[in-house]
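Respectively, the protein sequence lines represent chains S and F.
Just so you know, we're using the working numbering here: the first sequence kicks off at 12 and counts up by one.
Just so you know, we're using the working numbering here: the second sequence kicks off at 7 and counts up by one.
Be careful, since some hints might not be right.
Said to hold, decoys possible - In silico EDC-like pairs for lysine to aspartate or glutamate, Cα to Cα no more than 16 Å straight-line:
1) F:Lys112 to F:Glu62
2) F:Lys49 to F:Asp174
3) F:Lys90 to F:Glu44
4) S:Lys367 to S:Asp286
5) F:Lys132 to S:Asp142
6) F:Lys134 to S:Asp286
7) F:Lys137 to S:Asp139
8) F:Lys149 to S:Asp177
9) S:Lys123 to S:Glu42
10) F:Lys254 to S:Glu92
11) F:Lys137 to S:Asp142
12) S:Lys297 to S:Glu363
13) F:Lys167 to S:Asp91
14) S:Lys122 to S:Glu183
15) F:Lys137 to S:Glu34
16) S:Lys157 to S:Glu92
17) S:Lys122 to S:Glu163
18) S:Lys211 to S:Glu42
19) S:Lys157 to F:Glu257
20) F:Lys246 to S:Glu183
21) F:Lys167 to S:Asp177
22) F:Lys112 to S:Asp286
23) F:Lys246 to S:Asp286
24) F:Lys273 to F:Glu352
25) S:Lys122 to S:Glu92
26) S:Lys159 to S:Asp257
27) F:Lys280 to F:Glu257
28) S:Lys66 to S:Asp257
29) F:Lys246 to S:Asp91
30) F:Lys246 to S:Glu92
31) S:Lys157 to F:Asp174
32) F:Lys31 to F:Glu44
33) F:Lys149 to S:Glu183
34) S:Lys138 to F:Glu136
35) S:Lys297 to S:Asp257
36) F:Lys90 to F:Asp174
37) F:Lys246 to S:Glu140
38) F:Lys134 to S:Asp257
39) F:Lys134 to S:Glu363
No lab work stands behind these hints, which were simulated from the structure alone.
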Amino acid sequence: MQEKIELLKTLSLAFGPSGLEDEVRSIIEKEISPFITDISSDALGNLIAFLPADKQRETAPTLMLCAHMDEVGLMITGYDENGFLRFDEIGGLSEKIVPGRRVTIFARDSKKISGVISVKPTHLQQKDERDSVTPLSEMYIDVGAKSKTEAEATVDIGDCAVFDSDFVVFGENGSKVKCKALDDRLGCAVLINLIKRLSKERVLRNFNIAFCFTTREETGLSGALTVAKRLSPEYAVIVETTAVSDIYGTPSHMRVAELGHGGAISIADRSTVYDRHFVNFCLRYKDELPVQLKEYVSGGNDASHIHRASDGCHVLALSAPTRYLHSPACVSDTRDYYAMEELLYRIVRDFELLQKREV
Amino acid sequence: MENIKNYIEELCSIMTVSGFEYRNKEKILKLGEKIFDEATTDKVGSYLFVKRSKKENAPRILIDAHIDEIGFVVSEICDGGFLKFSSVGGLDAHVLQGCEVTVYGKQEIFGIITSTPPHLLTNETKNKLEKPEELYIDTGYSKASLENIVSVGSPVSFCEKCISLSNDILCGHGFDNKVSCASALDAISGVSAEELAFDVYLLFSCREEYGGFVGAQTGADRAKADLALSLDVNFARAPKIDETLSLKMGEGYSVSLSAVTSRKFTKKIIELSKRSNLPYQTVAEPNNVGTNGNVLGLSNFGIPCVDLGIPLGSMHTFSETVSLYDCKSLSRLLSAIIRDASLASEVCNARKN
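Construct the entire structure; sequences and hints are all you get.
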């Protein structure tokens, strides 16, 4: 268990905003290469680890298991006269969690520069400023530069930054984890753990498994599209995190899913209607492991591209319920992290039954 | 500057939410151990350290730096391990959501202040800034377990880590006003009793953030000093901040020109800064210096007071920024003041009159 938490920590702390996933890809490659030989990456930086079928290889269909490597972040767009940096979001951020945040900027010569998003003190705010949300365009990053010239010498326009946030295990019995980028390093960690497990607990298969670690999901123009076109999978599981609001005071119809109750399976979201048969197939395991349905139509993920690639594909989205998504302090439950791996293992083990589509 | 950085980090690791300064009494008194002759607390929670000069009839100088910080208190324990909280001191609602905090109960508990993710915001809620009363602290405990650890009234502070930016700038929480406390400790620890021209009374006053100046008033009355220096933080220049209300960072400490402080002794300290080649900036604060400096001069039967400051970025958030160079400059000034015989003699004259 400790090893799985350490893996989650290493992955979550790695630097990998959309378009710059190299560090994350290296870590994943290092973790899985003792267990899989067929590892390739493409022009968009996607990493594909391929386990061919044990029998009937020529006609074997492919099960695609997919998680994205990129995280939300910031991009430097300019400078102000005093040496502060202007920026914009990579992916979707809420302005309510940006002020005051520490960031790490990946600058020239691969230097990592620390910065903080500066805040106008409340004492100096006018009444209307005090009650309203500050837009990103009025926020600045302070790296400690004394002048615009010094800032220009340290950081370039187009340099990217991610939140600087430690990995913390907390809560009763250490059941919770907090870090940046749990979306979707948690998904990547689940797939890595599954790869390791399948090499120890072998399942004889008449289907291929393609473990796909994709790029650019957060910006919406995702790497997953090209991977799906290349593989033409018959079935795909998108292993993700999903934004929930299971917080005290949220009415039950808006909570989405509950931490600690297992991976949340989506019926539909803003871009995909999921394969109902696949959904029901997974719910059959609810007596053996925690699993739940996502009770809200919201968000979207790589399934949107995958399920319409080539001549279509049966898709399932399995997501760790995560609070404060897209913030430096994402919170997930370790029980869900383990339960998702358990469910995926059963999907692999019982895949021929799934293919029969009898349930 | 390493010494000041160590003091800052040590002070920031001690919880001193306004009203709860007494909780870590031993740790705070220990800070003065090798430096002062006396270290005591009082009925409201301030700390008074005394270092005596070897000179006879040395005047007393009171150096005040409030040690309390903004924070929160638990107001309700709710289902799912969520805590409702009230603010202590002036918190900014723009910088609460998703923050990391420590709740101080029978043991310390880590928590995150709740936030609705962008995926679940509607057009209505997207632009509405939630008030602190609408947020919760997420502890990851069950309500039953949590009730055995924390209670209504338990203090809560930010716990985000301290980081370094370029040009010796530090970023952390509680810098208001621990950077001043650190500068004072750094200065006094470097001056021997033989060198002192004053008996030094260092007051780490309590409850400044709470409002009402309770710690400063009672502490100053107790000290019965002849001259008071108020040390606090000031606004550092940043985008969208009026230049007349703020100071440059990295260009020295501030000296306040105000109707509520002593113009005569403020000028003497400016002259001392020039003689000692110390970097200083002046700031005009006519009616109100916004610090304990407002009341220190009113202690006992009235004493001259000078208000000094350190420029601070993003005040009252968990990411305040300060230049170590400015802190060290203030420390050097304090060191020069407490050794200055002519200043001491001026204070004695003022006392007689």
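Tested hints:
Among the hinted pairs, F:Lys112 with F:Glu62 is inconsistent with the structure: their alpha-carbon atoms are about 49 Å apart, more than 16 Å. Between the alpha carbons of F:Lys49 and F:Asp174 the distance comes to roughly 38 Å, so the proposed pair goes past 16 Å and is violated. Restraint check for F:Lys90 and F:Glu44: not satisfied, since their Cα atoms lie roughly 41 Å apart, outside the 16 Å limit. Straight-line distance between C-alpha atoms of S:Lys367 and S:Asp286 comes to about 14 Å, which keeps the hinted pair within the 16 Å bound.
Distance check on the hinted pair: F:Lys132 and S:Asp142 sit about 13 Å apart at the alpha-carbon level, within 16 Å; holds. Using a Cα cut-off of 16 Å, the hinted pair F:Lys134 and S:Asp286 is violated, with the two alpha carbons roughly 37 Å apart. The suggested pairing of F:Lys137 with S:Asp139 holds, with an alpha-carbon distance near 14 Å, which does not exceed 16 Å. As the CA atoms of F:Lys149 and S:Asp177 are separated by approximately 26 Å, the hinted pair breaks the 16 Å bound.
For a cut-off of 16 Å, the pair hint linking S:Lys123 to S:Glu42 is broken: about 24 Å separates their Cα positions. The straight-line distance between the Cα atoms of F:Lys254 and S:Glu92 is roughly 13 Å, inside the 16 Å bound, and the hint therefore holds. Between F:Lys137 and S:Asp142 the alpha-carbon distance is near 9 Å, which keeps this suggested pair within the 16 Å criterion. For the suggested pair S:Lys297 and S:Glu363, the alpha carbons sit about 19 Å apart, so the restraint of at most 16 Å is broken.
Distance check on the hinted pair: F:Lys167 and S:Asp91 sit about 27 Å apart at the alpha-carbon level, beyond 16 Å; violated. Straight-line distance between C-alpha atoms of S:Lys122 and S:Glu183 comes to about 38 Å, which puts the hinted pair past the 16 Å bound. Distance restraint check for F:Lys137 and S:Glu34: the Cα-Cα separation of roughly 39 Å exceeds the 16 Å cut-off, and the hinted pair is therefore not satisfied. For a cut-off of 16 Å, the pair hint linking S:Lys157 to S:Glu92 stands: about 10 Å separates their Cα positions.
This hinted pair checks out: S:Lys122 and S:Glu163 have alpha carbons roughly 14 Å apart, not beyond 16 Å. A hinted pair counts as satisfied when its Cα atoms are at most 16 Å apart, and S:Lys211 with S:Glu42 qualifies at roughly 15 Å. For a cut-off of 16 Å, the pair hint linking S:Lys157 to F:Glu257 stands: about 10 Å separates their Cα positions. With a C-alpha separation of about 43 Å, the suggested pair F:Lys246 and S:Glu183 falls outside the 16 Å cut-off, and the hint is violated.
Straight-line distance between C-alpha atoms of F:Lys167 and S:Asp177 comes to about 9 Å, which keeps the hinted pair within the 16 Å bound. With a CA separation close to 50 Å, the supplied pair F:Lys112 and S:Asp286 exceeds the 16 Å bound. Distance check on the hinted pair: F:Lys246 and S:Asp286 sit about 52 Å apart at the alpha-carbon level, beyond 16 Å; violated. Restraint check for F:Lys273 and F:Glu352: the C-alpha separation of about 13 Å stays at or below 16 Å, so the hint holds.
In summary, the hint linking S:Lys122 to S:Glu92 is not supported, as the alpha carbons are separated by about 23 Å, beyond the 16 Å threshold. Proximity of S:Lys159 to S:Asp257 is assessed by CA-CA distance (about 44 Å); at most 16 Å being required, the pair is judged violated. At most 16 Å may separate the alpha-carbon atoms for a hinted pair to count; F:Lys280 and F:Glu257 meet this at roughly 14 Å. A distance of roughly 45 Å separates the Cα atoms of S:Lys66 and S:Asp257; the hinted pair therefore is violated under the 16 Å criterion.
Distance restraint check for F:Lys246 and S:Asp91: the Cα-Cα separation of roughly 11 Å lies within the 16 Å cut-off, and the hinted pair is therefore satisfied. Between the alpha carbons of F:Lys246 and S:Glu92 the distance comes to roughly 12 Å, so the proposed pair stays at or under 16 Å and holds. About 11 Å separates the Cα atoms of S:Lys157 and F:Asp174, which keeps this hinted pair within 16 Å; it holds. A C-alpha spacing of about 14 Å is found between F:Lys31 and F:Glu44, which places the hinted pair at or below 16 Å, so the restraint holds.
Between F:Lys149 and S:Glu183, the direct Cα distance comes to roughly 10 Å. Compliance with the 16 Å bound is thereby established for this hinted pair. Simply put, S:Lys138 and F:Glu136 have alpha-carbon atoms about 15 Å apart, close enough for the 16 Å limit, and the pair holds. Straight-line distance between C-alpha atoms of S:Lys297 and S:Asp257 comes to about 20 Å, which puts the hinted pair past the 16 Å bound. For the given pair, F:Lys90 sits about 37 Å from F:Asp174 by alpha-carbon distance, which is inconsistent with the 16 Å threshold.
With a CA separation close to 12 Å, the supplied pair F:Lys246 and S:Glu140 stays within the 16 Å bound. With a CA separation close to 20 Å, the supplied pair F:Lys134 and S:Asp257 exceeds the 16 Å bound. The suggested pairing of F:Lys134 with S:Glu363 is violated, with an alpha-carbon distance near 51 Å, which exceeds 16 Å.
When held up to the earlier numbered hints, the structure conflicts with 1, 2, 3, 6, 8, 9, 12, 13, 14, 15, 20, 22, 23, 25, 26, 28, 35, 36, 38, 39 and fits the remainder.
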